[in-house]
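Protein chains: 2
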Amino acid sequence: MLARMNLADLQDIASAPVAVQRPRLTQAKADLTREVTVVDESGRPRSIRIPAERDLTVYVDKRELVTLMTLGAHPEWLVLGYLLNQRLVGGVHEIESITVDWDVGAAAVVTRSGIDRIEERTARRVVTTGCGQGSVFGGLMDDVDRIVLPPQAQLRQSQLYDIVNTIRLHDSTYKTAGSVHACALFVDERLQLFVEDVGRHNAVDTIAGWMALQGPLPVGEKVFYTTGRLTSEMVIKSAQMGVPVVISRSGITEMGLHVAQRVGLCAIGRATHKRFFCFSHPQRIVFDAVPAEAGAA
Amino acid sequence: MLARMNLADLQDIASAPVAVQRPRLTQAKADLTREVTVVDESGRPRSIRIPAERDLTVYVDKRELVTLMTLGAHPEWLVLGYLLNQRLVGGVHEIESITVDWDVGAAAVVTRSGIDRIEERTARRVVTTGCGQGSVFGGLMDDVDRIVLPPQAQLRQSQLYDIVNTIRLHDSTYKTAGSVHACALFVDERLQLFVEDVGRHNAVDTIAGWMALQGPLPVGEKVFYTTGRLTSEMVIKSAQMGVPVVISRSGITEMGLHVAQRVGLCAIGRATHKRFFCFSHPQRIVFDAVPAEAGAA
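Protein sequence lines, in the order shown, are assigned to chains A and B.
Note that this note's numbering gives residue 87 to position 87 of the first sequence, counting from 1, and the numbers run on in steps of one.
Note that this note's numbering gives residue 126 to position 126 of the second sequence, counting from 1, and the numbers run on in steps of one.
I should point out that these hints are in silico values taken from the structure, not numbers from a laboratory.
Hints may be right or wrong, so weigh each one.
What the hints assert, rightly or not - A few chain B positions that, by computed beta-carbon distances, are all more than 10 Å from chain A:
| # | residue |
| --- | --- |
| 1 | Asp40 |
| 2 | Ser42 |
| 3 | Ile48 |
| 4 | Asp55 |
| 5 | Gly90 |
| 6 | Asp101 |
| 7 | Arg117 |
| 8 | Ile118 |
| 9 | Asp143 |
| 10 | Trp210 |
| 11 | Gln214 |
| 12 | Gly264 |
| 13 | Lys274 |
As the list claims (entries may be wrong) - Only pairs whose alpha carbons sit at most 27 Å apart, straight line, appear in this in silico DSS-like list of lysine-lysine:
| # | chain 1 | residue 1 | chain 2 | residue 2 |
| --- | --- | --- | --- | --- |
| 14 | B | Lys274 | A | Lys175 |
| 15 | A | Lys29 | A | Lys175 |
| 16 | B | Lys274 | B | Lys175 |
| 17 | A | Lys62 | A | Lys29 |
| 18 | B | Lys175 | A | Lys274 |
| 19 | A | Lys175 | B | Lys175 |
| 20 | A | Lys175 | A | Lys274 |
Claimed, not checked - Only some residues are given here: those of chain B computed to face chain A with a beta carbon under 10 Å:
| # | residue |
| --- | --- |
| 21 | Arg34 |
| 22 | Val39 |
| 23 | Gly43 |
| 24 | Asp145 |
| 25 | Ile147 |
| 26 | Val148 |
| 27 | Gln157 |
| 28 | Arg229 |
| 29 | Gly251 |
| 30 | Ile252 |
| 31 | Thr253 |
| 32 | Leu257 |
| 33 | Gly269 |
| 34 | Pro282 |
| 35 | Phe287 |
| 36 | Ala289 |
Note that CB positions come from ideal geometry on N, CA and C, so glycine has one too.
Using the sequences and the hints, build the whole thing.
Here it is, written out as structure tokens:
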């Protein structure tokens, strides 16, 4: 084969990303909502839909690690992203397979060569603020100082408004059943993936899992949107995923702000229609749309 | 002394609650919000307040148990309620003291005779849906079937409207800083305690800790209000606290509904102004106010 290749072919091979062994994943399906009968304020029965939360116990190399409560839209990406965001695995190449079986509520993860010191690394428990997945194993903050976000990354105010509008128009479980959090990954103002879950940490972990399986994303700035609060874990996870701009419909907590300032992340909160607060690193926003003009457009 | 007591005195003693040894608690104080400068959509700086989340590492008999992220309004009640709701202690009599020191972010719990099998009982980790305190130790569901809520307990619709209105008018960190959850305990429509925290599970645990320290509550039905979703843990905790009616501004998840149906808890969601959905046990509601009449009142 090599004899028939020309120089261009060889250069292609040399510049191509190193082939990564992708894990084998099931594609387990589950209903995201369920219809139930309630009684309304007039005492009459009504049919509404509620989120169909279910528990998923994660086993790593046959050892029980954790039970996640999830809506179940993309359980394999969720489990992968959870392991990545908890820094229990360093990349998808360490995972051989993730098999989800809703009949028994289990995700079986097989690693290629085990997780080093897993007992020790999962011993410390931190119960965090976030909705859902409030448990992070100790040491998450330890790696924060090593994170370098692209220093020049910027988002135009008009792109920010496009993002908020895209979320507003997106079909969602929230609209039919409520009580779920949404997260979305954008490149500039272009939506890449929209995920909902009962806990917003499940949603961001699912996006992390999906990102790890992708090839390179389109050229542009990565922007993360969440309906939930910008807590320290949410900011840390975004930074770990290399995302320099995070937008929330909700606010920020003091520790979230502290971490955002430390890692150079532009944290934008209370983003609705044409209004927002930028909590940190406003130099990442290009104010190209004053609200009055944007409102008239 | 006994010689001077008459029969009435003796009957008083016989019917009085058994004297419970109360734990010694510090009363650590912390600022609940902090003023920060943000940049708004016009590019101009503004001062706003954000919730001052902080971490509190709980040590039980010098052994590190968990780190809670909290607003810090009532850390001693929070730690006590956490231990009770996790079923790690059976009552306040088992606790000698809880000492919170914000300078080091630590709560030192001293028990009277240790916690039986604590290593084993905290080994299983369930990452749940709830905002905040998403980590419950395994086995929480195990006790659910033993819970018996008062079968006759009812709430009048007009009392429900009073409760929703009391919450609406209550001064709160949410109104100044946003991004927190509130919980409140009512007896009938009378507010007993209002607690906010960055996670709604911290808020309910704080109420549980406070309840455990009180003598008997006033006569009436216990009603629990939460701004957060009615997840399974929220319903379980309410039931453990003997509360037969729970009201939420938000919705319910499928597992929350399942547990509410199982324990006989009346779960009311989407409660705003004069509207609500009753998800389970509507027989606990006395429909004494049709919305049109109530709205005209």
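Against the structure, the hints come out as follows:
no.: 1; hint: Asp40; verdict: violated, 6 Å
no.: 2; hint: Ser42; verdict: violated, 6 Å
no.: 3; hint: Ile48; verdict: violated, 7 Å
no.: 4; hint: Asp55; verdict: violated, 8 Å
no.: 5; hint: Gly90; verdict: holds, 21 Å
no.: 6; hint: Asp101; verdict: holds, 18 Å
no.: 7; hint: Arg117; verdict: holds, 17 Å
no.: 8; hint: Ile118; verdict: holds, 13 Å
no.: 9; hint: Asp143; verdict: holds, 17 Å
no.: 10; hint: Trp210; verdict: holds, 19 Å
no.: 11; hint: Gln214; verdict: holds, 25 Å
no.: 12; hint: Gly264; verdict: holds, 16 Å
no.: 13; hint: Lys274; verdict: violated, 6 Å
no.: 14; hint: Lys274/B to Lys175/A; verdict: holds, 21 Å
no.: 15; hint: Lys29/A to Lys175/A; verdict: holds, 21 Å
no.: 16; hint: Lys274/B to Lys175/B; verdict: holds, 21 Å
no.: 17; hint: Lys62/A to Lys29/A; verdict: holds, 22 Å
no.: 18; hint: Lys175/B to Lys274/A; verdict: holds, 21 Å
no.: 19; hint: Lys175/A to Lys175/B; verdict: holds, 25 Å
no.: 20; hint: Lys175/A to Lys274/A; verdict: holds, 21 Å
no.: 21; hint: Arg34; verdict: holds, 5 Å
no.: 22; hint: Val39; verdict: holds, 4 Å
no.: 23; hint: Gly43; verdict: holds, 4 Å
no.: 24; hint: Asp145; verdict: violated, 18 Å
no.: 25; hint: Ile147; verdict: violated, 20 Å
no.: 26; hint: Val148; verdict: violated, 23 Å
no.: 27; hint: Gln157; verdict: holds, 7 Å
no.: 28; hint: Arg229; verdict: holds, 5 Å
no.: 29; hint: Gly251; verdict: holds, 4 Å
no.: 30; hint: Ile252; verdict: holds, 6 Å
no.: 31; hint: Thr253; verdict: holds, 4 Å
no.: 32; hint: Leu257; verdict: holds, 7 Å
no.: 33; hint: Gly269; verdict: holds, 8 Å
no.: 34; hint: Pro282; verdict: holds, 4 Å
no.: 35; hint: Phe287; verdict: holds, 4 Å
no.: 36; hint: Ala289; verdict: holds, 9 Å
Against the hints set out earlier in the document, violations occur for numbers 1, 2, 3, 4, 13, 24, 25 and 26.
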